[in-house]
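The whole structure should be built from the sequences, with the hints applied where relevant.
Counting with the numbering used here, you get residues 36 to 341 for the letters of the sequence shown.
If you are wondering where the hints come from, they were derived from the structure by calculation, not from laboratory data.
Any given hint could turn out to be false.
With a cut-off of at most 30 angstroms between alpha-carbon atoms, the simulated DSS-like pairs for lysine-lysine come out as follows [what the hints assert, rightly or not]: (1) Lys337 <-> Lys72; (2) Lys272 <-> Lys337; (3) Lys272 <-> Lys293; (4) Lys333 <-> Lys72; (5) Lys272 <-> Lys78; (6) Lys272 <-> Lys72; (7) Lys78 <-> Lys135.
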Amino acid sequence: MPTSALIPTPKVLIHGGAGSRQPTHSQSVCLTEALVKGYECLKTGHSPLDAVESMIRYLEQSGQFNAGRGSLRQLDGIQRMDASIMEGQTLSAGAVAGLKGYLHPICAARRVMTDTDHVLIVGPHANRLARHFGLARLVHRKNSTHLRNKRSSRNTINPKSQALYRQLGMYDTVGAVALDRAGHLAAGASTGGVAVMLPGRVGDTPLIGAGVYADDTAGAISMTGLGESIIRAGMAKHLAILLGLGWTPARAANYALKALVSRIQGEAGCLILDRTGRFAIRHTTPWMSAGYWNGRGKPIVKNRFS
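Take a look at the structure:
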């Protein structure tokens, strides 16, 4: 077999969340621009971890998604953000939960991975870590649109309601996965949570094995959707196990998402990229804003995948 056949084609995948609301044109443009940035990282010799962080940083900065600048507010009116990142070569990972006042939770998550012996740092301690490393503070622009933040912070409906989450359709967490020419993988995600959150609520995004997983022997996964159901199903690790058993990304996604719906009436979308470069983007929701690129032609971004 020619040596070139053993070398995977570098790829980047990205999502801007899955839900019942149709994504906007500006969100699609933002995802396309982020894909270009991520692939440029791989093209210039940077790691998949760098590519994933750069794509998510771009979406956090944009204010177009429920992450970073555009994060939803919890019921006390405060934005608390979660993020995680993982690389597949050594299974190193880092995450933060309940981070307040910082623009790029994904950068804080990477600092946890690279500069501590821990995986997850939460609350005020995550803030101290971000401050210690001089990460960018969150300053809202005057012309930013935060109507959904205001609506969420004023809502007094009982938050114990999956039906309410579905009605509002606010699952637009962001995430990305990447594969380089050496066969190394990485995955990450960042979120401001869901609509109508109790203060201190944490979803699947910062939980390794629930919202994110990467393993060079299997694949890289980034989830979005109703976090409580994704946690209960351990979705990201479940999908990685199926990939490790030789399942294709499409087969694994279809099987796991079907089980999520039938068993616990969950809602989710996923990016799945295996170690050979095969990938799948699937969702149980009406919409999922996502895309992919291998450096050829133009990046592909759509609002629905089957």
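Discussion item. Going through the numbered hints above, which ones does this structure break? Give me the numbers in ascending order.
Written reply: 7
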